[in-house]
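**Student:** For the protein sequence lines, the chains are A and B, in the order given.
Residue 104 in numbering that gives the first Met the number 0 sits at position 105 of the first sequence; the count goes up by one each step and never skips.
Residue 153 in numbering that gives the first Met the number 0 sits at position 154 of the second sequence; the count goes up by one each step and never skips.
Just so you know, these hints were derived from the structure itself, not from any lab.
Treat the hints with care, since some could be wrong.
[Unchecked claim] DEER-style ranges, computed between Cβ atoms: (1) Ala-18(B) / Glu-75(A): 16 to 26 Å; (2) Glu-25(A) / Ala-32(B): 33 to 43 Å; (3) Ala-44(B) / Pro-30(A): 16 to 26 Å; (4) Arg-25(B) / Glu-109(A): 48 to 58 Å; (5) Gly-143(B) / Ala-34(A): 36 to 46 Å; (6) Val-40(A) / Asn-6(B): 29 to 39 Å; (7) Pro-57(B) / Gly-41(A): 34 to 44 Å; (8) Glu-109(A) / Arg-192(B): 30 to 40 Å; (9) Ala-99(A) / Ser-145(B): 14 to 24 Å; (10) Glu-109(A) / Leu-15(B): 55 to 65 Å; (11) Arg-25(B) / Gly-107(A): 45 to 55 Å; (12) Ala-12(A) / Ala-59(B): 15 to 25 Å.
Fair warning: this is a prediction, and the values are worked out from it, not measured in the lab.
Glycine residues also receive a C-beta, built at the ideal position from the N, C-alpha and C atoms.
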Amino acid sequence: MHHAVLAEDKKRAAYRALQDRVVDGEGRASPEQRAHAFSNVGLSGPLDSLLGKVATRPARVTDADFAAARAAGFSEDELFELVICAAVGQSARLYDAGLAALAGAVAGEEDG
Amino acid sequence: MRLEVLNRGYGPGTKLLFAVIRLVSRHPVPDAAKLVFYRPDFYGARAKEFTHEAMRGPSAWSVGDRELMAAYVSQANECAFCIGAHTATARQAYQDGPKVTAVLADLDSAPIEEPLRATLRMLGKLTAEGKLGAEDMRQVLSAGVSRQQVQDALAVCVAFNTTDRLADAFGFEVLSPEGFEAGAKYLLKRGYR
């Protein structure tokens with residue numbers, strides 16, 4: 000069974016470094032806002048609309064989504080950061096889902 | 000791009016570099032390149048490192064296979080910029096345009112090896128549905144794909160789920176076919192760093 004837990008490889012570690020930087024490092028948007036953008040929960044109003052699309056239907060993002068977020072008071076640099084956090088957050092969840100499925104398949108093989 | 004800082008917010012050194020790129024390539028600087036030069040300490044530096052490792056680092060998958068995965072994932076996300084960029088790069092890497100076209104048109108009938116086909120199917124499902132089960136992964140392993148190859152393919156998938164989202168959200172301008180060919184040549188020569 001000890002083989003079933005896969006060691007974090009160099010690539011996963013490099014992505015984790017990116018995740019940690021965009022959420023917890025220095026930025027114009029607050030770490031709390033960036034954490035909400037990353038997890039795609041606890042967002043409100045225009046930000047929820049824009050960042051929800053970034054996470055789930057990025058091809059549907061429009062100029063109007065950005066205009067609404069600006070009108071709600073977010074600066075260009077804040078939106079730069081929050082959009083990145085939303086994209087990286089969704090991708091990190093996909094990464095973890097894929098690695099969990101692999102660990103499950105490998106555990107099944109070794110049990111059988 | 001939809002944020003003016005991504006169009007104009009660069010210092011003199013970066014502007015000079017963009018001018019050199021335009022001069023040498025005889026094409027506009029792709030928005031994908033501009034993005035990683037804007038406040039690179041926030042996103043670009045680490046994103047480039049991860050993407051280069053995923054796309055050009057050690058792997059049993061060839062560069063062509065990984066570029067094809069990037070194109071396939073981008074198709075699942077309907078990301079026009081990244082489909083254009085990575086179909087061009089996969090075609091050049093394989094020296095085989097019809098194979099790339101066939102995979103994007105119909106994965107089941109495309110003339111590729113079963114391990115690659117099973118892996119692309121899994122990446123497409125993960126991207127489209129956002130989840131994956133152990134059974135999905137068992138099918139990939141039983142097609143002859145190693146665990147390390149699965150991990151390597153997931154890294155490619157994640158790199159392009161990230162880039163696709165940013166391309167669509169920030170509104171990357173789709174290049175001309177010649178622009179994509181020039182970009183592909185650069186990516187095969189220099190990678191993503």
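**Student:** Hint by hint, which ones does the structure fall short of?
**Tutor:** Number 2 - this is the single hint that the structure violates.
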